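K.L.:
Each chain, written out:
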Amino acid sequence: MSGPPAHGFAAPTRFGAFGGCFAPETLMAPLLELEQAWLAARADPAFAAELDALLRHYAGRPTPLSPARRLSQCLGCEVWLKREDLLHTGAHKLNNTLGQCLLAARMGRRRILAETGAGQHGVATATACALLGLDCVVYMGAVDAARQRPNVLRMQLLGARVHVVEHGQKTLKDAINEALRAWVADPQHSHYVLGSALGPHPFPSIVAGFQEVIGREARAQMLEQARALPDAVLACVGGGSNAIGIFRGFLDDPGVRLTGVEAGGRGPGAGEHAARFQGGSPGVLHGCHSYLLQDADGQIQPTHSVSAGLDYPAVGPEHAALHASGRARYVSAGDAEALAGFQLLARCEGILPALESSHAVGWLSRQAASLRGQRVLVNLSGRGDKDLDTVARILEPEP
Amino acid sequence: MSAAPVRASANRLEQRLAELRRRGGKGLAPYVTAGDGGLETTLAVLRALDDAGAACVELGVPFSDPIADGPLLQQAADRALADGTTLAGILSTVREFRSGSRGRPGSELPVALMSYSNPLLRRGWSALCRDAAKAGVDALIVPDLPPEEAGEMREAALSSGICPIFFVAPTTTEPRVRMAAEASRGFLYVVGRTGVTGAATDIDAATVSFLQRVRAAAALPLAVGFGLATPGQVAAALAHADLAIVGSALVRHIHESARSAPDFVAAAARAAAGFLTELRRGLP
Chain A
1 MSGPPAHGFA APTRFGAFGG CFAPETLMAP LLELEQAWLA ARADPAFAAE
51 LDALLRHYAG RPTPLSPARR LSQCLGCEVW LKREDLLHTG AHKLNNTLGQ
101 CLLAARMGRR RILAETGAGQ HGVATATACA LLGLDCVVYM GAVDAARQRP
151 NVLRMQLLGA RVHVVEHGQK TLKDAINEAL RAWVADPQHS HYVLGSALGP
201 HPFPSIVAGF QEVIGREARA QMLEQARALP DAVLACVGGG SNAIGIFRGF
251 LDDPGVRLTG VEAGGRGPGA GEHAARFQGG SPGVLHGCHS YLLQDADGQI
301 QPTHSVSAGL DYPAVGPEHA ALHASGRARY VSAGDAEALA GFQLLARCEG
351 ILPALESSHA VGWLSRQAAS LRGQRVLVNL SGRGDKDLDT VARILEPEP
Chain B
1 MSAAPVRASA NRLEQRLAEL RRRGGKGLAP YVTAGDGGLE TTLAVLRALD
51 DAGAACVELG VPFSDPIADG PLLQQAADRA LADGTTLAGI LSTVREFRSG
101 SRGRPGSELP VALMSYSNPL LRRGWSALCR DAAKAGVDAL IVPDLPPEEA
151 GEMREAALSS GICPIFFVAP TTTEPRVRMA AEASRGFLYV VGRTGVTGAA
201 TDIDAATVSF LQRVRAAAAL PLAVGFGLAT PGQVAAALAH ADLAIVGSAL
251 VRHIHESARS APDFVAAAAR AAAGFLTELR RGLP
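First to last, the protein sequences are chains A and B. Quick note on numbering: the first sequence equals residues 1 to 399 in this note's numbering. Quick note on numbering: the second sequence equals residues 1 to 284 in this note's numbering.
The following block holds chain B by itself, in its conformation from the complex (with noise of 0.2 Å):
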């Protein structure tokens, strides 16, 4: 075996966030399940976000058994399965996103991919970390991969240069929450409340004090995530966190907009950027 994995420098995501704190500013970090009416949309509305201002994007790999998520992103993950959604082709879009294809120029808008053990695991924790970096993949999200599973994930990532990200949610313990933090590169994901992804959100006092229990044990920039869908949620959110996860509302928004648009690609592109460019009014 090699000795620990040593990186040479900052990726498009660290680099993203150190810049973002250095001004002092907040971001938006939209999720779209890959595939979710062809990856040719994908592709579409990771330009669209990207020229909309995200600060990065999570791009979901669809799984058959999605346990952490509610109803809206299995009904997406289905959705681009029927559709015949892969791996490779995912990796193939996240390539022609960062080279840039008809006229487009390459974006340099950090990608993290997030999916669950085993459609990742298929492939091997070292050829999927390699493949995916090669791809131009800046971080590796596992929900169903707590960071007492993680040690191959983790050392395959981190010696791509890829970041590996882990969770906190409100039942997790300190030691834990120093545990996920220390095993994390960019941000740590804070699962705003208990529960799957997609319900109604709201800040309360609770959250409130999860959120500074989090701040003070990581110095990691924090993404909170689960159930944000409006501006006001956003604003509340980033008052104690840097990036701010949109997910289950923007899949929908994308859906119900795109889906009886004569062009569906150019529907749910526009949607996208409406979508986060309405989010943003939630930023400080």
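Same shape as in the complex, but just chain A (with noise of 0.2 Å):
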């Protein structure tokens, strides 16, 4: 090799063989720039002191952890619940943007980027930026914003801007395509508040830091109220930051099994899912090196899941590493799984989880009899308030 000249990044860039920062370069010295200031933040108590009082007074930190009592019964294992749904806005992306917003904030930008596909991220985006007083624009894809009405209007009301990104395949992919462009020209004054643990370097390291106090309070918990860690944990994987915010907090745990669940969508044929592991390979998007949906020439699938969450071409680059050594496996349950697992927690347990959350709870339920007699935590990452209109046209379809 030719040694590539020396890395300005203080931090590993790379997960095993995946990650990397493969951005264009009037981005790379916002991203020195960025991962100089996150390493500072994270060495400084005030910091840290800052954000933990924000999560506890503010977000509602830490959040339980829930016996499944009746669902165990019914599946014949031990499920436990990590409840992020009770998180304020309804999800776990909260811990990631209120993290971001204030190491904005501490970097003197004061106009904030963000993209999103479900609506959750670009929810949690404009609450922090309510809360710590900073301008917004939001990305949506159409389609998305059209499934995911409600949000739209939780965003307008917090005071962001949301923009209506109308080419692509007018999903997630093209929300962050559009957000990645605006920070690329602008982006002395603006962050961009990235969503899920991928992207250029630092991105992936950052979301899964502000991330992983899902697993850190999960283990403690686990420990607290079953006296004992799980068998396996299970988390849904879109870009994953919800997965790799409880993995996180199991990797140096070698008896417990970590598994992701992809989207399966309608079927494994190409464009009918977003299950990356299953029907992808390893290629570059959005600046990272990582699983990918494409086609023999490279080009980015369509991708489909009942979950705008879910519905996106790559996974996180700390995924691919754990996927490749074996640490975590990642598996998939379909849209009809999906609104199983959502029906089956509504009735044993009262809760409506997010679609995205209701196919790691439909996998369980398929899964129940392989599972049975062990103690399994699930990551219920969101609430479904936001999908009972999907829901509902799912169930009872318009004559």
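Keep in mind that the hints were calculated from the coordinates and are not lab data. Heads up, a few of these hints could be off.
[As the list claims (entries may be wrong)] Computed Cβ-Cβ distance ranges for the label pairs, DEER-style:
# : chain 1 : residue 1 : chain 2 : residue 2 : range
1 : B       : Gly-124   : A       : Leu-157   : 48 to 54 Å
2 : B       : Arg-259   : A       : Asp-295   : 41 to 47 Å
3 : A       : Leu-157   : B       : Gly-53    : 40 to 46 Å
4 : A       : Pro-12    : B       : Ser-126   : 36 to 42 Å
5 : B       : Pro-71    : A       : Phe-9     : 27 to 33 Å
6 : B       : Gly-24    : A       : Ala-146   : 44 to 50 Å
What you are looking at is a predicted structure, and each value in this text was computed from that prediction instead of being measured. We treat Cβ as the ideally placed atom computed from N, Cα and C, and that holds for glycine.
Now that you have both chains on their own, put them together as the hints suggest.
P.N.:
In structure tokens, the structure reads:
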């Protein structure tokens, strides 16, 4: 190898063979600056204290760990739910947006850009911006804006400008393209709050770092409430921030199996799903090297999932590394299984889960026989109020 | 692994730029998206640009998710992909441009292939560079591949006799300008302002001081791009650079001139030649 030039980054940019920083030159300086600011903030007890106070007194951390008694009876295994659905704004996304918006304010950036798929990250970003007095622009694909209408209204009420993206597949991928372009145009005054543990370094590390509070809490709560670690941890994986957040709490516990559930959509055909590990291959999208759904020429393939938050052609690089090392395994649940999971949790536990999280519940229900008697921790990453229209349309189609 | 790659001689692009410098001249580097209007159109446009006096040409390999491009070039890529354009087809077109066909002799106009990492990486950097060099490609430009990530690409390019070309932008620090210049062969790609391709550019005082800063740090010829559309802008840019890159404005002009013409291919070639001839008024 003729060695590449010395790297400007201080922290490792890769997770095994995956990750990296495949960014246009215009973004390299802002990314280098962001990494410096993040490392400095991480080492600053005052930053940690400020974030911790917000998480505790504003967001509602720690979130509960609920024993799912009736669901356990029904499935024949011992199910525990980490209740990120109870976090303010209804999903785990706020952990990251509060962290990144505090970081942006520390860097003197007053204009926040974000993409959103299901709308949860957009709402969480708009919320953090309202709280901290920052300007907020959220990019959202037209298809997602239509199927997640209540979240569009929420963002607008919180003072954000919602920029509807009308090109490409008009979903999360295209919203990220547009947000990146907006950042390329104004990197000195803007900060891009990427919503999942993907994108160019340092984003995957920053986002996972702000989400690992989920796993830290869940591990301690399991030891306290169940008096034991779980046998298995389950989480849905779109970009994969809720999954990496809870997985990180258990990486050093070799007895704990980690399972990520991708969106199997309508089936294994091209364009019918978002199961990157089963239908994809390594490549580069949105600044990082990971598994993605692409055709023979390296063009990104369309995806489908009933849940907007899992409807994305690439997966975060840390998951690709966990897949490669075998530390975590990745499976998929289809639209129908997710719907079944949604209904099961509603009726057994009185919880309407987000359609994203419903994929983990649906997979658990299908695999229950093989998990008999085991202790299973499910990350309930969000609540399902935003999905009522979608669910109603499927369960009671109009004549 | 083999030792550090050594190249026998300068390639077409380096020779052309050296010649330009010897004469104290400046040049135009038009960009077109390959397959926009079909690859037959691309071949005709390449020939027209050569006839109209381009110094070199950038040939875009369309990608579904071009994050550094504005709407004009994204639409051009979408049109090309909808038309079934592939990398293999583009390389065949370059081969035909080089060898000549239909009574038309081959061309020595330097060709830089430009695309995002993923469609190129799909073939693997070694195979890509070998195949591209064989087809007659002289340089490789990859906007989402900064020098830090380009070790393999650079090695593969150099050992195939292809110039790897990197970017500098107004946000680029001094050490990074030097790093990009040292990593590049042929020319250094200077993004004239922050932003995606295609938005209007004024060569203002800040741009001039940026270009002067790059010139001081890099011995390589400079190609400045992003948003140039008029002879006046070309002249202003070339006061501080060797090559003016013209992309979005040219792509739009070709598309709009040809789309309702009875003979699309001929109209596209005429439009390309006409636009370049007009911009040449901005050359010193």
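K.L.:
Look at each hint and say if it fits the structure.
P.N.:
We went through each hint and held it up to the structure:
no., hint, verdict
1, B:Gly-124 to A:Leu-157: 48 to 54 Å, "holds (50 Å)"
2, B:Arg-259 to A:Asp-295: 41 to 47 Å, "violated (27 Å)"
3, A:Leu-157 to B:Gly-53: 40 to 46 Å, "violated (58 Å)"
4, A:Pro-12 to B:Ser-126: 36 to 42 Å, "violated (26 Å)"
5, B:Pro-71 to A:Phe-9: 27 to 33 Å, "holds (32 Å)"
6, B:Gly-24 to A:Ala-146: 44 to 50 Å, "violated (59 Å)"
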